[in-house]
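There are 2 protein chains.
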Amino acid sequence: MVTNPGRRKRATIHDVAAEAGVSRGTVSRVVNNEPYVSAEARIAIEAAIEKVGYVPNTAARNLVMQRSQAVGLIVHEPHSLFLEDPNIGEILLGANSALSRADYQMVSLVIESERDTERVARYLSGGFVDGVVVVSAREQDPITRVIERLDLPAAFVGHPQDLRELPYVGINNRAAARGITERLIGTGRQRIGMIAAALDRDSGSDRLAGFTDALGDRFDPGLVAPVPLYTYADGRDGMRALLARDPLIDGVFAASDVIAAGALNALREAGRRVPEDVGIVGFDDSAWALRCQPLLSTVRQPANGLGQRAAESVLSQLRGEPPVLGGILLDTEIVWRDSA
Amino acid sequence: MVTNPGRRKRATIHDVAAEAGVSRGTVSRVVNNEPYVSAEARIAIEAAIEKVGYVPNTAARNLVMQRSQAVGLIVHEPHSLFLEDPNIGEILLGANSALSRADYQMVSLVIESERDTERVARYLSGGFVDGVVVVSAREQDPITRVIERLDLPAAFVGHPQDLRELPYVGINNRAAARGITERLIGTGRQRIGMIAAALDRDSGSDRLAGFTDALGDRFDPGLVAPVPLYTYADGRDGMRALLARDPLIDGVFAASDVIAAGALNALREAGRRVPEDVGIVGFDDSAWALRCQPLLSTVRQPANGLGQRAAESVLSQLRGEPPVLGGILLDTEIVWRDSA
DNA sequence: TGAGTGTCTGTGAACGTACACAGAGTAGGT
DNA sequence: ACCTACTCTGTGTACGTTCACAGACACTCA
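Chain order of the listed sequences is A and B. For the first sequence, UniProt numbering begins at 1 and goes up steadily by one. For the second sequence, UniProt numbering begins at 1 and goes up steadily by one.
These are computed hints drawn from the structure, not numbers from a lab. You may find that some hints are simply not true.
[Unchecked claim] Sample of chain B residues facing chain A (criterion: CB under 10 Å; computed from the structure): (1) 58; (2) 84; (3) 93; (4) 109; (5) 123; (6) 232; (7) 265; (8) 293.
[Claimed, not checked] Label-pair ranges, simulated between beta-carbon atoms: (9) A:334 x B:325: 49 to 59 Å; (10) A:150 x B:290: 35 to 45 Å; (11) B:149 x A:43: 24 to 34 Å; (12) B:226 x A:334: 34 to 44 Å; (13) B:334 x A:172: 46 to 56 Å; (14) B:221 x A:295: 30 to 40 Å; (15) B:60 x A:115: 25 to 35 Å; (16) A:47 x B:138: 29 to 39 Å; (17) B:276 x A:271: 36 to 46 Å; (18) A:145 x B:336: 30 to 40 Å.
Remember, predicted model here, so these are calculated numbers, not experimental data. Built from N, CA and C at the ideal position, the CB exists for glycine as well.
My request is simple: use the sequences and hints to build the entire structure.
As structure tokens, this is what we get:
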């Protein structure tokens, strides 16, 4: 039987002081690793801490220090994508490892609806977090306004156009998209299309821009199928649309690996062989790329690193260092496999 | 240029009291919705709150109330699985929605290594959370001991054998596995094997037990391929092993949809047609099931609901209600599609 | 009128910590 | 001998809330 009767009270700094025969102040100095404590007092206090099982009370510490020792991770994505897009999970884990290394707690704030935006805005105003990492904000995102108004230390993964002032970390989507499209062109494909997803975000629109850069004069707007999200279903739909518009299409740049996986399904459905009939490339080099048949040629994106760097940016601002202006861009790399 | 000069101080309950011309106590009563406040005072205070932009300080509130208003979600899985197994994400989102509805914050604690166990144990002892939801604990899990020792309100998703005393929520894996295996037998398959994953957890071992229940005398231990984790790669390896042991195998129960997806890959590799040559069924009805070709027959598991119910169990314990002994089992359902 | 009851309000104390300050002691230099 | 500098320690106060208590007032009923 699990009852909860005498939930014994936690030891405080007073208990330690009494046990060690010193004052609160000295104990505090030991706990916070400050100098000016005699070796004698230090060992007595350490023994006392061990004996009474003392752990500092965060609420009290936060109260006096005016901080929460937590950083929010705002994910502004619909439920389904949160589960389907491996990048988000990677970013989350990357941020988490950087934060816990610095003894900060990560609090995940998932926004899916209008109501969530309000809840999160209230949460941010409440001083529950000392800073935020924002993943995949949109243009004119209301949460961005809230962050600006509160003057909360923040870092963005990706950077909406209207965000020039705030620090961000990302990759050069445009250059990377251009690079892999050129490589695809290099395989001799003649009719190259793109399944362009999430055009309301910089990652989506920049990849499309890189695609058109690479094709130059040969760019045919009719061979771009825009879809809303980076999901398997949208990839399949996008490919079906492309096949309907041009049955002779022989090259496809999918805006992400998930999109490519969905597209492969549609191609298989239509009886097209990959890479013989159609060459296809993706973006991300997520777990999906190795799961496709054939193995996907794609752009490797350091998603975990993005999360880490964004978290580190927030941490450095918290230390009072000025944010890096203009953002940080991490390197990408083309990974050439079997699908094109 | 983003500077951070006058980070204006937050309004306190005193500011509100002064603005409204009343005392702290009355403001506190309004904020906490207590009775015995005159209508006059109430509207004056509400106006004052609006005017000065008052938001209660959590640290101060937590300090005096001796709680943290947060619940930990402990995920004890390797990094890779965290991203690959959609159940974990679903459980996480389910728990998060139940907790935020009750104005509790969810703090995710991911354990991947021995060092993480210590960090999390320290975190739990620090009073940072009022309770915990534990996902996929193992037998003899050290974190379980810590929770018991701290007498922390907890709920488990799934239930290791050595946990009889603590509340849990789960499904009847054994009965469900038996049900879908019987259904597979009913399609006339003669040589039925299983790819059994994660036997160190109740979900894994119970599904195997249900499988043997269904086969009865016809059970052939040689046709069970045990693999460590619920991953795509392990599914593929397990299927290769089964094919090596019995090339004539014509039915497979995969311990999860991810496993089944990996197995389908191996079957395609080996030139086997599904469902003509081999019938295969999975478990979970996750996004994977609809992504497979052919569509997967599987058991629907309410992963989101598991997370919600576990969180609600913790919340009710926090309200002082006694935990439900013996656990809560949610219903599952067989979803029959094309793969068998 | 007086006691009793219910409504409303203000005040002091407490939660557990960090920080500034004062003061004691010791050592070194003139 | 004195001043200065450095090391170490204890005490008072502040952080922003909640809660218990006491007191003021109004109303009812004997």
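Hint by hint, where does the structure go against what was stated? Just the numbers, ascending. 17, 18
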